[in-house]
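**Student:** Residue strings, one per chain:
Number of protein chains: 4
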Amino acid sequence: MANLTFRYGAMNSGKSTALMQVAHNYEEKNMKVIVLKPVIDTKGNDKLVSRVGIMRKVDYLVSDGNSIIKLLKDKLYDTSCILVDEAQFLTEKHVDELHFICKELEIPVICYGLRSDFKTNSFPGSRRLFELADKLEELTTICACGKKAKFNARVINGKYVFEGEQVAIDEVDDVYYESLCGKCYIEKVHNFVKQKRLKKH
Amino acid sequence: MANLTFRYGAMNSGKSTALMQVAHNYEEKNMKVIVLKPVIDTKGNDKLVSRVGIMRKVDYLVSDGNSIIKLLKDKLYDTSCILVDEAQFLTEKHVDELHFICKELEIPVICYGLRSDFKTNSFPGSRRLFELADKLEELTTICACGKKAKFNARVINGKYVFEGEQVAIDEVDDVYYESLCGKCYIEKVHNFVKQKRLKKH
Amino acid sequence: MANLTFRYGAMNSGKSTALMQVAHNYEEKNMKVIVLKPVIDTKGNDKLVSRVGIMRKVDYLVSDGNSIIKLLKDKLYDTSCILVDEAQFLTEKHVDELHFICKELEIPVICYGLRSDFKTNSFPGSRRLFELADKLEELTTICACGKKAKFNARVINGKYVFEGEQVAIDEVDDVYYESLCGKCYIEKVHNFVKQKRLKKH
Amino acid sequence: MANLTFRYGAMNSGKSTALMQVAHNYEEKNMKVIVLKPVIDTKGNDKLVSRVGIMRKVDYLVSDGNSIIKLLKDKLYDTSCILVDEAQFLTEKHVDELHFICKELEIPVICYGLRSDFKTNSFPGSRRLFELADKLEELTTICACGKKAKFNARVINGKYVFEGEQVAIDEVDDVYYESLCGKCYIEKVHNFVKQKRLKKH
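Residue numbers (the numbering used here), protein chains in the order written: chain W, 1 to 201; chain E, 1 to 201; chain A, 1 to 201; chain L, 1 to 201.
Please keep in mind that the hints were generated in silico from the structure rather than gathered at the bench.
It cannot be assumed that every hint is accurate.
Pairs count within a copy or across copies, as identical chains cannot be separated in the list.
Stated by the list, open to error - List of simulated lysine-lysine pairs, DSSO-like, C-alpha gap at most 30 angstroms:
| # | residue 1 | residue 2 |
| --- | --- | --- |
| 1 | K32 | K135 |
| 2 | K135 | K147 |
| 3 | K32 | K57 |
| 4 | K159 | K75 |
| 5 | K200 | K135 |
| 6 | K32 | K159 |
| 7 | K147 | K70 |
| 8 | K75 | K200 |
| 9 | K29 | K183 |
| 10 | K188 | K199 |
| 11 | K147 | K188 |
| 12 | K159 | K73 |
| 13 | K93 | K70 |
| 14 | K47 | K29 |
| 15 | K148 | K29 |
| 16 | K32 | K73 |
Please put together the full structure from these sequences, using the hints given.
**Tutor:** In structure tokens:
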């Protein structure tokens with residue numbers, strides 16, 4: 001039976017590299033893969049770019065309104081594996097469709113994505129993958145303290161900020177994300193709350 | 001660093017047995033564990049009962065309004081592990097508190113529970129555990145077809161039913177749950193939808 | 001494809017309990033399992049006994065000279081799963097046979113056993129399972145220091161001893177095993193070596 | 001507690017890519033890693049080369065006679081992680097030393113390597129890692145049949161050959177390795193044995 005696999009990890013855990021390695025493994029055996037990516041992510045547009053220096057074209061960009069089944073229906077007969085990058089941005093319906101394709105057509109589906117946002121809440125796609133996946137596998141990265149990082153903190157103009165929209169769109173500020181372990185994340189939140197209280201007075 | 005672990009599985013995957021085994025392992029080394037259970041589950045009341053024939057008293061029943069930190073605060077100094085049964089019924093706040101206890105007091109927390117309900121939607125507790133846990137580990141059971149079961153189907157008076165409340169309270173009908181693999185679950189849903197359509201005409 | 005799984009763990013990690021739970025899960029669905037155990041282990045003879053208080057009869061005791069394929073050949077047609085306890089004591093040939101049965105007859109095989117002896121060397125059965133298994137899964141227990149235990153130390157008359165035969169047969173002494181984490185194991189070995197040196201002078 | 005991790009996989013499962021990704025993750029946080037490789041492997045000499053197109057210099061080549069502790073002793077004070085490629089070629093003593101460094105100095109050690117040779121026998125390094133590692137994690141690749149590959153078959157002049165030395169040194173023939181699933185591997189061995197018998201007559 002083909003599996004729906006969700007490989008989740010914090011920012012910078014090497015998800016795109018891992019996806020491209022799997023694609024390479026299939027293609028080396030002359031097997032066809034399809035690489036999908038939700039359109040919401042604009043980093044690299046229709047390209048996967050990995051920090052270690054490799055890249056690859058995405059086969060199909062998926063919008064919220066798209067049906068993945070309709071999008072792929074003529075292309076699935078000779079496909080050995082479907083790979084999805086930034087899978088946290090899939091809709092619930094997209095994940096249901098991928099599960100259906102996997103089970104009915106016996107095509108393995110491997111989704112790579114973030115587990116949760118900077119407030120530790122899951123994204124629609126990751127939540128649904130948690131509910132449906134046959135396998136949940138973590139890709140790990142390290143916190144500055146040396147422990148395994150599982151959370152993503154949002155840093156705006158050099159300061160940790162724990163409020164705001166799930167997807168940052170403000171391009172005025174200098175925004176980046178830092179992967180943190182549970183203990184460091186809790187500490188940063190405490191400092192943030194303390195600072196906010198001080199400002200009120 | 002102590003871990004927050006979520007061991008999830010479908011109905012009848014041996015979650016309570018596994019919990020009692022871990023409690024036994026600690027106690028055999030003269031280490032204290034605390035066993036919690038959300039109060040919503042009335043099966044066995046304040047007892048864990050396993051289908052293989054072992055049982056154990058729960059240390060604390062947790063209600064939705066309870067703060068686990070307040071409930072346990074004087075008992076944590078000599079506790080080596082916190083074990084939670086039926087963890088899917090924890091509130092989001094309960095899971096946040098368990099994560100906090102784990103990280104701040106370095107006490108391992110192991111939660112056992114269902115991943116999702118009979119409609120494949122996660123419970124509040126399991127969803128939050130997916131977001132916060134350091135380790136997600138699956139306990140497996142088998143579908144009648146021989147494959148690994150991951151879903152729970154609700155069977156009322158001998159028929160698969162895919163509509164209704166998340167927690168069944170109707171005591172008039174004969175309700176039980178059957179663990180199914182992805183393929184068999186999809187098939188049962190299709191039959192259910194077909195039957196409903198036929199009845200309309 | 002059916003899998004050959006090796007669930008390994010230190011002493012007292014609940015291997016027999018886990019095996020009996022899986023047997024129960026299959027039988028509850030009216031599926032037949034076969035439970036095997038190498039004859040070398042005399043604890044409970046042809047019974048599995050778990051420390052949490054459940055037991056079960058073994059279907060076949062396997063001696064070193066036995067062929068598992070010959071032993072089971074008429075019984076496999078309606079078997080849904082083969083379960084092996086104390087699998088570290090299987091011969092290399094036994095494991096090859098189990099792998100063959102698994103792959104050719106599509107019958108899942110789940111072996112439970114120790115990874116290594118009190119000197120951290122693998123047993124013949126565990127070594128071959130490491131080489132052939134589709135899945136390696138650890139069952140954990142705790143060291144007295146609170147960390148995960150992975151080694152087994154031999155304690156004779158109250159003292160840690162790191163020399164002697166792999167399988168202890170001396171019934172004169174009071175022998176038991178203690179599961180230890182890597183750090184504590186290294187410490188106990190150092191003390192043992194130091195004591196031996198002191199005695200020499 | 002720092003972990004000794006063994007990430008094993010068949011040929012072409014992306015082990016070197018994965019190692020370089022981890023090194024990158026540490027260095028991005030300004031943490032130092034040391035990359036080791038046994039000298040026996042001459043592919044790329046003191047370089048890691050990945051099939052997806054990235055490479056990296058090895059910090060230390062380790063010979064059979066080397067003590068890793070002596071080799072690294074002045075360099076460990078500021079090292080956050082030790083990474084080993086082709087770890088199957090480590091000696092038993094090397095692995096013992098890495099385990100000691102990991103536990104006594106609290107430095108994580110991650111070893112990447114093959115599980116077994118073309119006859120399904122483990123290598124000295126992989127066997128010892130199986131005995132000592134805190135975590136065993138599989139890196140997967142695919143068999144030509146679409147299933148997960150776990151074995152490596154040796155192909156000489158276009159034919160599967162299941163006899164010969166563990167490490168091929170003959171440079172006259174055209175030798176390569178193919179990763180296979182359990183079922184396909186058994187089939188190729190059967191064909192090989194049949195051919196050999198036919199030749200005898």
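**Student:** If a hint holds in the structure, say so; if it doesn't, say that too.
**Tutor:** Here is what the structure says about each hint:
1. K32 x K135: both (22 angstroms within a copy, 26 angstroms between copies)
2. K135 x K147: both (24 angstroms within a copy, 14 angstroms between copies)
3. K32 x K57: within (14 angstroms within a copy, 32 angstroms between copies)
4. K159 x K75: Classified as neither: same-chain Cα gap 46 angstroms, cross-chain 34 angstroms, threshold 30 angstroms.
5. K200 x K135: This pair counts as neither: shortest intra-copy Cα distance 46 angstroms, inter-copy 38 angstroms.
6. K32 x K159: between (45 angstroms within a copy, 25 angstroms between copies)
7. K147 x K70: between (43 angstroms within a copy, 27 angstroms between copies)
8. K75 x K200: Neither, since 58 angstroms and 36 angstroms both go past 30 angstroms.
9. K29 x K183: between (44 angstroms within a copy, 17 angstroms between copies)
10. K188 x K199: within (17 angstroms within a copy, 55 angstroms between copies)
11. K147 x K188: both (15 angstroms within a copy, 27 angstroms between copies)
12. K159 x K73: Intra 46 angstroms, inter 33 angstroms, cutoff 30 angstroms: neither.
13. K93 x K70: within (13 angstroms within a copy, 40 angstroms between copies)
14. K47 x K29: For K47 and K29, the Cα distance is within 30 angstroms both inside one copy (23 angstroms) and across copies (25 angstroms).
15. K148 x K29: Only across copies: K148 and K29 sit 13 angstroms apart there, 34 angstroms inside one copy, limit 30 angstroms.
16. K32 x K73: So K32 and K73 pass the 30 angstroms test inside one copy only (15 angstroms; across, 40 angstroms).
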